[in-house]
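Asker: Note that the protein sequences, when read in sequence, are chains A and B. Taking this note's numbering, the leading residue of the first sequence gets 44, the next gets one more, and so forth. Taking this note's numbering, the leading residue of the second sequence gets 58, the next gets one more, and so forth.
Honestly, the hints are just simulated from the structure, not real lab data. Just so you know, not all the hints are guaranteed correct.
Claimed, not checked - Some chain B residues judged to face chain A by a derived CB distance under 8 angstroms, without partners named:
hint, residue
1, Glu-75
2, Glu-79
3, Ser-99
4, Ile-126
5, Val-128
6, Gly-135
7, Ile-139
Think of the CB as a built atom: it goes at the ideal place given N, C-alpha and C, for glycine as much as any other residue.
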Amino acid sequence: MTADHPTPLIYPLTATAAVALLAAVNWTLDPADLVRFAVAGLILPVMWALVELIFRNRRGLKQIRGSVVLAAALLILTLGFSAADAAGLLGDGGNDITRRAFGIGVGLMLAVIGNFIPKHLEPLFEQTCAPGYQARLQRFAGWVFVIGGLGYAGSWVILPEATADIVSTVFCVTAIVLVLGRWLLISATRGKQ
Amino acid sequence: MNKVFKALADPTRRKVLELLREGPKTAGELADAFDVSKPTMSAHFAVLREAGLVDVTRQGKTMIYRLKISVLEDALLGFADIFGMKPGDNVPPTDEPDRN
């Protein structure tokens, strides 16, 4: 998933098909929840199609496909555990296992996205910020989201559910606040050209 | 990943990456920071480009290098510096020309 090695189209196609299939399986196990599973199964392919249409011919569009695969992985994880729980495969602790799996998936996704921020994020504000400050901000954002993401995932591995809910949220919010704060500081002070 | 390890094995290339942390620099600015010949520096730049650790754009006759490393590669760079990794430390030899 890089600008030099774009994700082959077959990967996001397969991933979105898997999401739709799992959503359908969930609906057969719980027919009363049609709207929820219809949204879960269709939201990703619809948003992907919209992005492809709106931003067609734009540089970097092929990187969107890698993001689609990541988003699909999280949905597959959630829908997979949801289906297993509905089928009674997870026993009495099914709800807890599903929540933990989702929390770990979200944390790892945050860490993976953070890892690639300094490498692949196209300069968002190079017209208003000196390149040096922009590079440092992207590096800072990358590290903060990797650490925040691993902390988020780790909370759901180690802590009791109620505590994990709070601690993981703290990790996520802190990461966002730190990056936004650093960006605002750069924008307001020395970063201007 | 093998290309990344190869690129990070050389202390000169690691120093180039550290200089680029301050922001994009021209090939001349980077070369001036080292006491090596221009062909040798070009070879270093080529290894870094091949490993995907730098991005280069041309402005007129000037080549401008920009850092392009992920957090994982940044961490590997730090480890390589701490442990003083050198070519020959279980990494493939570089393709750089003989300085002599």
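Asker: So, for every hint listed, does it hold in this structure?
Answerer: Tested hints:
Taken as an interface hint, Glu-75 (chain B) does not check out: its beta carbon lies about 12 angstroms from the nearest beta carbon of chain A, beyond 8 angstroms. The restraint placing Glu-79 (chain B) at the interface with chain A holds, with a minimum CB-CB distance near 6 angstroms, inside the 8 angstroms limit. With a least beta-carbon distance of about 20 angstroms to chain A, the hint placing Ser-99 (chain B) at the interface is violated under the 8 angstroms criterion. Look at Ile-126 (chain B): its Cβ gets to within about 6 angstroms of chain A, closer than 8 angstroms, so that hint holds up.
Interface hint at Val-128 (chain B): satisfied, since its Cβ lies 4 angstroms from the closest Cβ of chain A, which is below the 8 angstroms cut-off. For Gly-135 (chain B), the interface hint is violated, the least distance from its beta-carbon to any beta-carbon of chain A being 11 angstroms, above 8 angstroms. For Ile-139 (chain B), the shortest C-beta to C-beta distance to chain A is roughly 17 angstroms, which exceeds 8 angstroms, and the interface hint is violated.
In summary, the structure is inconsistent with hints 1, 3, 6, 7 from the numbered list given earlier, while agreeing with the others.
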